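> Input sequences plus hints: build the corresponding full structure.
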Amino acid sequence: MIRTTGLVKYYGKVMALQGLDMTVPQGAIYGFIGQNGAGKTTTLRILAGLLLPDGGAAEIAGYDVVRHPRVVRGVVGYMPDFFGVYDDLRVGEYLLFYAAAYGIRGQRAARLRDDLLELVELGDKREAFVDTLSRGMQQRLCLARSLIHDPQVLLLDEPASGLDPLARVEMREILKELCRLGKTIIISSHILSELADLCTHIGMVTAGRIVREGLLHEVLAAAHRRNFIVRCYGSLAPALAVLEAWPGVEIINTTEEQVEFSLSDGPAQAAALLKEMISSGAAVIHFAETQQSLEDTFLLLAREGGEA
Amino acid sequence: MSRERDRADHTAGPPGPAGSGQTTRGDRREWLKAFLWNQWEGLRNGLVPMLGKEMRGRTRGLRSPLLLSFFLGLMSAGTVAFLWLMTDRTSQIMPQVGLNLYSLLVLGMILLLAFIAPAIAAGAISGERERRTYDLLLVTRASLTGIVLGKWLASVAYLLFLVLAALPVLAVVFLFGGVPLANMGMALVVALTTGLGYGALGLALSAILRRSQAATIVSLVLVFMLVFGSLVVAGVVSAGRQPAGDMPVPAGEPWQSVPGPPWYVYLSPLVALSPALPGMENEGLSMSGRIPLVGTLLNEILRQFRTGPEAGTYVYGYAYGPGYPGVYPGAPGRAGLPSWARFALCQGILVVISLVVSVLVIAPRKPWSVWLVSRRARARGQGGIPL
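Those sequence lines, one after another, are chains X and D. Each residue of the first sequence is one higher than the last, beginning at 1 in our numbering. Each residue of the second sequence is one higher than the last, beginning at 1 in our numbering.
It is possible that some hints are incorrect.
As a list, the in silico EDC-like pairs of lysine to aspartate or glutamate whose alpha-carbon atoms are at most 20 Å apart [as the list claims (entries may be wrong)]:
hint, chain 1, residue 1, chain 2, residue 2
1, D, Lys-366, X, Asp-54
2, X, Lys-183, X, Asp-197
3, D, Lys-366, X, Asp-64
4, X, Lys-275, X, Glu-244
Pulled from the structure, derived: some chain X residues nowhere near chain D, Cβ distances all over 12 Å [claimed, not checked]:
hint, residue
5, Val-71
6, Ala-110
7, Ser-146
8, Ile-148
9, Cys-179
10, Asn-227
11, Gly-266
12, Pro-267
13, Ser-279
14, Thr-290
Quick caveat, the hints were computed from the structure, so don't treat them as lab data. It should be emphasised that the depicted structure is a prediction, and the values quoted were computed from it without experimental measurement. C-beta: ideal position from N, C-alpha, C; glycine also.
Laid out in structure tokens, this is it:
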């Protein structure tokens with residue numbers, strides 16, 4: 001549905017995108033994860049037709065975003081990270097204005113307005129002035145606005161930023177509903193936990209490049225190096241000696257009390273490693289696997305991406 | 001509007017050797033049709049909602065009634081003050097009071113419009129940026145031309161509303177008589193052209209400067225320079241080289257011909273007013289007797305230019321009064337254009353330049369870079385040249 005190949009963008013001499021390759025299949029909720037300044041917003045703005053790439057290509061539904069901007073605009077709904085509202089319009093008028101800007105008028109526009117307000121649970125606010133809505137309501141209204149022309153693809157740039165937990169849950173429910181309706185959705189975020197139970201796919205971007213991409217569980221599994229913590233009674237030296245010699249072990253952190261390391265192989269290796277440590281004289285009092293969150297995975301990948 | 005039609009996206013370029021390799025006349029006609037249709041759709045998608053929204057927004061809140069009150073208040077106060085000054089102690093009204101009042105009102109109205117128009121338009125595009133609604137607008141299917149035209153027409157519509165509201169104040173002069181309806185119509189045309197041109201200027205500055213405050217200040221300064229500065233410069237430039245203008249000017253003798261007013265005086269609506277004020281057709285803009293302060297100043301500046309209708313006055317070898325036989329010896333038609341028409345022409349050019357600049361400035365994808373990127377993409381598609 002969406003594919004970018006070697007996307008490059010410069011801001012002056014700063015290279016914001018360094019050959020970004022990304023593939024989003026149809027019907028996916030694609031979590032676009034990266035730190036601030038990694039290039040998420042730039043990528044989304046290129047896809048929305050607001051920026052021209054300096055190199056590479058991006059296509060949505062088979063249309064190149066540079067050569068077919070009009071078609072792409074009809075296919076894409078875009079919600080920027082920061083946006084404003086017209087303070088002198090009512091909620092219903094606001095949606096009708098954008099409907100007309102997409103060429104939708106008359107009865108159809110009025111029906112769409114009512115349906116969308118229902119979807120984002122703002123049906124009772126139709127006559128309210130837009131600037132009297134809360135931040136969460138404005139976010140939902142903006143989402144309704146981006147849906148007004150029934151786009152196949154939604155580009156949401158940090159849709160949950162500035163929302164309280166309840167509003168976040170509401171936003172998440174709406175997005176799941178949209179996914180059921182068959183929309184392809186890209187959500188960018190630096191708050192990873194909000195994406196963990198929502199996305200089907202994930203793309204991790206660091207310094208203008210995708211470092212890992214694919215189905216959520218696959219990415220997590222691939223990146224999931226089993227991390228362990230070992231504590232010993234007395235000296236850690238014998239345990240450390242074993243660890244350093246063991247293939248597939250990467251020591252992450254060593255303090256006076258404990259060693260944290262990752263192991264690339266399965267549980268059988270872990271058991272063998274523990275046995276070896278004990279037989280080498282280490283007084284192991286704690287040997288446990290740590291739970292790795294999406295954040296940890298991302299940090300790990302970001303570190304790998306930075307070194308690469 | 002069908003998706004099929006959209007597929008013939010004009011940015012992809014017409015079908016030609018770079019495309020399929022085989023081009024028929026029918027293909028090109030189809031492409032042209034789709035192109036024109038897309039342009040029309042974009043224009044409509046921008047113009048109609050933007051015009052509606054802007055007019056709705058402008059008429060809401062306190063700003064609009066306050067501005068209207070300010071405008072009408074100033075004009076009414078001017079009328080009352082003038083009548084009070086011109087009526088002597090015996091409460092007799094001199095015969096020329098009506099004409100003088102009319103001159104003052106028209107001048108006042110046009111000066112007010114000249115400064116209100118850019119002030120209204122100066123927030124139009126920068127306001128979208130400041131409110132962060134700009135991107136939301138650009139991702140729609142509205143064309144930039146439609147958006148800019150909608151913004152401009154909305155501010156113009158508001159000016160039209162101001163002019164209409166001022167008509168009752170202007171109608172006071174009919175109590176005194178002496179003002180032909182045609183002249184008043186001409187004055188209204190000049191007033192509207194002033195608003196159209198300076199409004200477009202304000203819009204362009206709003207797009208360029210990105211901040212409403214800066215755009216407002218700069219546009220007011222620029223309008224001040226156009227209204228008064230152009231006349232002052234013209235006066236200073238020509239003062240040194242032109243003899244006093246009341247002598248008969250021999251026609252057909254190029255070495256004696258006087259230079260005409262430079263083109264830039266027609267940027268000022270004050271020059272355009274000279275034929276719109278009755279009784280000046282044969283005198284140029286001599287308002288010294290009517291509006292003491294402004295008239296004297298203007299008279300001093302414009303004395304040398306006498307921008308009344310010129311045609312025909314120099315046929316018999318000598319031109320008396322406001323003729324400029326040597327001005328455009330090769331182009332009698334152009335020489336015959338009355339000054340309000342020249343002003344309208346200048347404003348028209350100002351509008352076109354301002355609107356084109358606005359569209360180019362707000363374009364997120366400048367046409368030339370789209371062309372470059374498109375060309376590179378096409379080259380890569382054909383020859384595998386890496387970007």
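> Of the hints stated earlier, which fail here?
5, 7, 8
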